[in-house]
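Trainee: Listed below are the residues making up each chain.
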Amino acid sequence: AQSVTQLGSHVSVSEGALVLLRCNYSSSVPPYLFWYVQYPNQGLQLLLKYTSAATLVKGINGFEAEFKKSETSFHLTKPSAHMSDAAEYFCAVSEAPSNTGKLIFGQGTTLQVKP
Amino acid sequence: DAGITQSPRHKVTETGTPVTLRCHQTENHRYMYWYRQDPGHGLRLIHYSYGVKDTDKGEVSDGYSVSRSKTEDFLLTLESATSSQTSVYFCAISQSGSTDTQYFGPGTRLTVL
Chain A
936 AQSVTQLGSH VSVSEGALVL LRCNYSSSVP PYLFWYVQYP NQGLQLLLKY
986 TSAATLVKGI NGFEAEFKKS ETSFHLTKPS AHMSDAAEYF CAVSEAPSNT
1036 GKLIFGQGTT LQVKP
Chain B
48 DAGITQSPRH KVTETGTPVT LRCHQTENHR YMYWYRQDPG HGLRLIHYSY
98 GVKDTDKGEV SDGYSVSRSK TEDFLLTLES ATSSQTSVYF CAISQSGSTD
148 TQYFGPGTRL TVL
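As given, the protein sequences belong to chains A and B, one line each in that order. Numbered as in our numbering, the first sequence ends at 1050 without a single skipped number. Numbered as in our numbering, the second sequence ends at 160 without a single skipped number.
Only chain B is shown next, with the shape it has when bound in the complex (with noise of 0.2 Å):
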């Protein structure tokens, strides 16, 4: 199994509070990126990584930053948590895009109040 590590795996919070979610990889994959999966809508991409300091948004990044200051962390933001965003987050990463497989992290289940 592809190393990829998800921090917290649970959380609970508040409507308004931050909350930030961690990716840890020790594959030094280039590529990394972040879905929130959904019932009736699968995997939607949030954002995604290509490289340190390389982000881009995906088709649902609103109300989402991240930030990737080393290769192995990928770090997901909410500024101020709403119930809309409970959801399952999972990261991902691959070497080098393109048609190469993802590894899918385990996910962490958030639950905003």
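Bound-form chain A, shown alone (with noise of 0.2 Å):
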């Protein structure tokens, strides 16, 4: 069965610091991966999306995310913090070559950002 984990519920980071949001997934095929963000009292956005092409995928708002095949790992990566960036992250797999596009999310990270 497919699993998604988020490691660490919560993150802190300072304005203009690295933003690191970490997901390990567990998948008995080739996975397909996505990064969603969610504001407040909204409903979520994809950010970016990896489906078996490049590994290293870049997305909207300045952040990107690598796919590592070895690790089972596609953690979530931005250089730099802007305050906009507070939100609830969440990490999602879905089967391949499944085409019903059911989504296996993880917990949550929720991102603070600090001045």
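Keep in mind that the hints were calculated from the coordinates and are not lab data. Since we're looking at a predicted model, the values are computed, not measured. Just to be clear, a hint being listed does not mean it is correct.
A few chain B positions that, by computed beta-carbon distances, are all more than 10 Å from chain A [unchecked claim]:
| no. | residue |
| --- | --- |
| 1 | E61 |
| 2 | T62 |
| 3 | S108 |
| 4 | T118 |
| 5 | S131 |
No more than 30 Å apart at the CA atoms, straight line, and that leaves these computed lysine-lysine pairs for DSSO-like [as the list claims (entries may be wrong)]:
| no. | chain 1 | residue 1 | chain 2 | residue 2 |
| --- | --- | --- | --- | --- |
| 6 | A | K1037 | B | K117 |
| 7 | B | K58 | B | K100 |
| 8 | A | K993 | A | K1003 |
| 9 | A | K1004 | A | K1037 |
| 10 | A | K1037 | A | K1003 |
| 11 | A | K1037 | B | K100 |
| 12 | B | K104 | B | K58 |
| 13 | A | K993 | A | K1037 |
| 14 | B | K104 | B | K117 |
| 15 | A | K1049 | A | K993 |
| 16 | A | K1037 | B | K58 |
| 17 | B | K104 | A | K1037 |
One-sided and incomplete, this derived list gives chain A residues near chain B with beta-carbon spacing under 7 Å [stated by the list, open to error]:
| no. | residue |
| --- | --- |
| 18 | Y967 |
| 19 | Y985 |
| 20 | A988 |
| 21 | G1036 |
| 22 | F1040 |
Think of the CB as a built atom: it goes at the ideal place given N, C-alpha and C, for glycine as much as any other residue.
The two chains are supplied separately, each in an independent frame; assemble them into the complex guided by the hints.
Mentor: Structural data, given as structure tokens:
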């Protein structure tokens, strides 16, 4: 069975510092991997996705993630945090080559950005 | 923004009453999904639909049913609401499943007393 683990339910960084949000997955078949962001009282918005093309994926708002098969990881990074990055972030996995698009989400990581 | 609306946005109900949540899309996307969001659990799939009258269960489907009689509408019904179903419910849509981006609605906050 697939699963996703996000290490750290809360991460706090200073404005301008590196953001690193960790995601590890478990899947018996090649996965598709996603990062979503949720701002307070809103729905989720896609940041980026890995679909077996380039292992380094660039997303919106300066975020990127690297797929590492040997480590079963898909960590999210941003070189310099901005106050507007404060939100909850979710990693998700979908089985390939399934065409249903069903997603398994991690527990979420709340990012706090301090001035 | 993808055209997805959810109604109602907030609802308070009592244990044992039936509740129906509606998701409406204007994008003509084939796939629609219902998730619930609970602290410490992220989002969990309840049911999904891959076409009109075509639905299937997700990982937390017990106590929920769904219907899709039109492309644009996906209804989630709690036949007899329980306090454990207090949650925030999100609808999502995608054009063709697979790796397509899922677009999420604004959510419905349901409280069962």
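Trainee: Look at each hint and say if it fits the structure.
Mentor: So, going through the hints one by one against the coordinates:
1. With a minimum CB-CB distance of about 25 Å to chain A, E61 (chain B) clears the 10 Å threshold, and the non-interface call stands.
2. A cut-off of 10 Å between C-beta atoms confirms that T62 (chain B) is not in contact with chain A; the least separation is 26 Å.
3. No beta-carbon of chain A comes within 10 Å of the beta-carbon of S108 (chain B); the shortest separation is about 12 Å.
4. With a cut of 10 Å on Cβ distances, T118 (chain B) stays outside the contact zone with chain A, its closest approach being about 16 Å.
5. For S131 (chain B), the requirement that its beta carbon stay farther than 10 Å from each beta carbon of chain A is met, with the minimum near 18 Å.
6. Simply put, K1037 (chain A) and K117 (chain B) have alpha-carbon atoms about 21 Å apart, close enough for the 30 Å limit, and the pair holds.
7. Taking the CA atoms of K58 (chain B) and K100 (chain B), the gap is near 26 Å; set against the 30 Å cutoff, the hint holds.
8. Straight-line distance between C-alpha atoms of K993 (chain A) and K1003 (chain A) comes to about 15 Å, which keeps the hinted pair within the 30 Å bound.
9. Proposed proximity of K1004 (chain A) and K1037 (chain A) is supported: the alpha carbons are some 21 Å apart, at most 30 Å.
10. About 22 Å separates the Cα atoms of K1037 (chain A) and K1003 (chain A), which keeps this hinted pair within 30 Å; it holds.
11. As the CA atoms of K1037 (chain A) and K100 (chain B) are separated by approximately 18 Å, the hinted pair is consistent with the 30 Å bound.
12. Taken as a hint, the K104 (chain B) and K58 (chain B) pair is honoured in the structure, with Cα atoms around 24 Å apart against an allowance of 30 Å.
13. A hinted pair counts as satisfied when its Cα atoms are at most 30 Å apart, and K993 (chain A) with K1037 (chain A) qualifies at roughly 23 Å.
14. Taking the CA atoms of K104 (chain B) and K117 (chain B), the gap is near 19 Å; set against the 30 Å cutoff, the hint holds.
15. Simply put, K1049 (chain A) and K993 (chain A) have alpha-carbon atoms about 24 Å apart, close enough for the 30 Å limit, and the pair holds.
16. Distance check on the hinted pair: K1037 (chain A) and K58 (chain B) sit about 27 Å apart at the alpha-carbon level, within 30 Å; holds.
17. A distance of roughly 10 Å separates the Cα atoms of K104 (chain B) and K1037 (chain A); the hinted pair therefore holds under the 30 Å criterion.
18. The restraint placing Y967 (chain A) at the interface with chain B holds, with a minimum CB-CB distance near 5 Å, inside the 7 Å limit.
19. A cut of 7 Å between beta carbons decides the hint on Y985 (chain A): the least distance to chain B is about 9 Å, and the hint is violated.
20. With 7 Å as the threshold, the beta carbon of A988 (chain A) stays out of range of chain B, its nearest partner Cβ sitting at about 10 Å, so the hint is violated.
21. For G1036 (chain A), the interface hint holds, since its Cβ comes within 7 Å of a Cβ in chain B; the closest pair sits about 4 Å apart.
22. Interface restraint check for F1040 (chain A): the shortest CB-CB distance to chain B comes to about 4 Å, inside 7 Å, so the restraint holds.
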